[in-house]
Amino acid sequence: MSGFEIAGVVLGAFPILCDASKDLRRWYQDVQTWWQFEREFEDFIQDVWREHMTFLQIVELLLDPITNLTQDERRALESDPGSMLWRSPHIQSELEQRIQTKYYKWFQHQLAALNDEICALHRLLPVRKAYYVDSTNLESELYRLKTAFSHKKDMHLSKIREGNKALYGFLDRASHLSRSSTSISPIRNNTILSSIFDAQEQAKCVYQCFQRRWTCTCVPVQQHPCSITVEGPYLQFLFVNDSKTTKVQFGFSKTIDPAIDEPDPPRSEEVLILNEQVSLKNRLKNLKKESKGVMQLAASSLTVLSTAQPRNKMLFEGFQKPSEKLKKKKVAFANRATTAVSPSPTGIPAPPISRHDTGEEIVSMCLAIKDSNQLPVPSIGFMDSGPELRIILQFQDQPTGSPANQTFESFLRSTTRRFARLQLGLNVLLGILKLGSCWLPQAWSKQSINVVKWEPGKEQQPLVYPYLSHPSIHQTLDAERLTITSTENARASLLSLGILLLELLFGQTLEEQAFYADFCNKEGEANEFTALCAAWKWQKGVEEEFGQKMANAIRLCVTCEFDSPDLENSKFVAAVWTSVAQPIEEFLQAYR
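In full-length UniProt numbering, the protein residues as written are 1 to 592.
Just so you know, the hints here were simulated from the structure itself, not pulled from any lab data.
Take these hints with a grain of salt, some might be off.
What the hints assert, rightly or not - Pairwise CB distance ranges (calculated):
1) R50 x T217: 54 to 64 Å
2) T101 x P471: 15 to 25 Å
3) P471 x Y168: 15 to 25 Å
4) N189 x E545: 51 to 61 Å
5) Q71 x Y168: 42 to 52 Å
6) M155 x Y104: 19 to 29 Å
7) N521 x P471: 40 to 50 Å
8) Y104 x A526: 30 to 40 Å
9) A120 x R418: 55 to 65 Å
10) T70 x A590: 37 to 47 Å
11) Q589 x A166: 47 to 57 Å
12) A120 x Y168: 49 to 59 Å
13) C520 x S564: 43 to 53 Å
As the list claims (entries may be wrong) - Computed list of lysine-lysine pairs in DSS-like fashion (alpha-carbon distance at most 27 Å, straight line):
14) K453 x K571
15) K152 x K165
16) K105 x K247
17) K446 x K522
18) K204 x K549
19) K537 x K522
20) K540 x K453
21) K165 x K153
22) K153 x K22
23) K446 x K247
24) K105 x K22
25) K22 x K165
26) K549 x K537
27) K247 x K370
28) K537 x K244
29) K571 x K549
Bear in mind the structure is a predicted one, so any value in this text is a computation, not a measurement.
Think of the CB as a built atom: it goes at the ideal place given N, C-alpha and C, for glycine as much as any other residue.
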């Protein structure tokens, strides 16, 4: 686990410690001698809450200089300790630049020390004992709490306070240093190019892993059509399966050396169990007050426990074995031995230090796509890509035939705002650069693009993403499918991109232009040079209406005036970003 993942762990550990403390306070407040300890315990809860607020500010300060985070990503990192973004190579690369290599070990040590102190405080709270002792023994338990807790809590709180102070001071000084050098450093370009190269490597890893893992068991054999895009740092697939479309999001995580005993990230299931424990305890407490005898109390308690949901039973029985339904899916999601979560000695789940649940290992992608229709949504699985990298897949069902799915031409005709059209073109360009040649359909065109619109909420703008469609995953994974060289593939891709940008800019198709027929044969049919010649003539009118920079960007795409065109060549990718993508961005900023 990286130091930045521990930040998410600590982010979730503070609230659980606060909740456990408040729960213990409610249990002991009926004890006669509680008043002697009440003020000290209330001060402890306030101190923990204060340090929690300080750590939230530290996380905000850590993320503040990162400019290419969306609001949703920033919000998830600041408030969701279980967010997969803490494991995103793109995010970790950004944070490593923020901290710098020479300070990284110190920063990781400070976060780990914070987590250790929070866990130590949690272990001091005898929550489980308070659940099951009667009123006569509560007095003795409270006495033990006052003597042991009072001496040790101040030491742990002092270390937490010092750790927060050190982290805040370090990040605050680093922010001042970075602001002073921002004007002379091309940070943004390097950051975006780094994210493009990272995405290419991840796309290549998924492609190679699919080649090994995609053994089709369909009878008859299915083509498995799919569409691909890159949303932020994530590779996204849409697989059509019977009457449903399954959305698969890919994440990446470094595998952990089993010899290193490291804390685990939080699990949302443990937080749910904690909440249900508190609810169940309150029900038992109310029954205890209402019942007037040992037999009545025992009968009432048995009634509560017998009507508990399966998850409530986990509170007493520990984590159960996988259900029979999941066992039947082991062909696609093979069971993998993992380190079990040992029950906390207090009965309450320990602070969130367990590893992210990556689900079952996927041994057959074909079966995984089929089984995703029966598994809970969203469900998670993983594939190992070499000894040090794990590919994490999140499956989510999407309805087929949604009105939010459009062809490119349908989007072109229904979108009147030039800004929205050209923004899609920029996303197509970035998607091509990030996917690289392995996932790029050979001789792709506008017919290869599906426009998918996601509605995040009533008050939020819809998100529009271009997906590159593949009629058959088998053909895409065939190593011998490419019949042209990487240079020819790059030239053809840029020509298609140039035509796409022209159509989005003017809101018309190339075939609708009056001069298009001039470059067809005598029968009026297009030949291999028609698109190139027509696009060359059309782009000459861009400068007069939209300026030289935009005209130059489109001309470079149509004519591919770059040295060594190859989507796997870092210099070529950087040149396309600088000469094509940046002018489009500047145009969009001015147009906004």
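Each hint, compared with the structure:
1. R50 x T217: 54 to 64 Å: holds (57 Å)
2. T101 x P471: 15 to 25 Å: violated (45 Å)
3. P471 x Y168: 15 to 25 Å: violated (54 Å)
4. N189 x E545: 51 to 61 Å: Given about 28 Å between the Cβ atoms, the range is violated.
5. Q71 x Y168: 42 to 52 Å: violated (24 Å)
6. M155 x Y104: 19 to 29 Å: holds (28 Å)
7. N521 x P471: 40 to 50 Å: violated (28 Å)
8. Y104 x A526: 30 to 40 Å: violated (57 Å)
9. A120 x R418: 55 to 65 Å: holds (60 Å)
10. T70 x A590: 37 to 47 Å: This hint is violated: roughly 22 Å between Cβ atoms.
11. Q589 x A166: 47 to 57 Å: violated (40 Å)
12. A120 x Y168: 49 to 59 Å: violated (21 Å)
13. C520 x S564: 43 to 53 Å: Violated, since C520 and S564 (Cβ atoms, about 33 Å apart) do not stay within the stated range.
14. K453 x K571: Violated: K453 and K571 sit about 33 Å apart, past 27 Å.
15. K152 x K165: OK: K152 and K165 at ~20 Å, within 27 Å.
16. K105 x K247: Cα-Cα ~38 Å, so violated.
17. K446 x K522: holds (25 Å)
18. K204 x K549: Violated. K204 to K549 sits at ~33 Å, over the 27 Å cutoff.
19. K537 x K522: holds (20 Å)
20. K540 x K453: Answer violated: K540 to K453 is near 32 Å, above 27 Å.
21. K165 x K153: Roughly 18 Å between the alpha carbons, so the hint for K165 and K153 holds.
22. K153 x K22: holds (15 Å)
23. K446 x K247: Satisfied, since the Cα-Cα distance of roughly 22 Å is no more than 27 Å.
24. K105 x K22: violated (35 Å)
25. K22 x K165: holds (25 Å)
26. K549 x K537: At roughly 17 Å apart (the allowed maximum being 27 Å), K537 and K549 satisfy the hint.
27. K247 x K370: Answer holds: K247 to K370 is near 12 Å, not above 27 Å.
28. K537 x K244: Not OK: K537 and K244 at ~43 Å, beyond 27 Å, violated.
29. K571 x K549: Distance ~21 Å between K571 and K549 Cα, so the pair holds.
Comparing the model with each earlier hint shows violations of hints 2, 3, 4, 5, 7, 8, 10, 11, 12, 13, 14, 16, 18, 20, 24 and 28; every other hint is respected.
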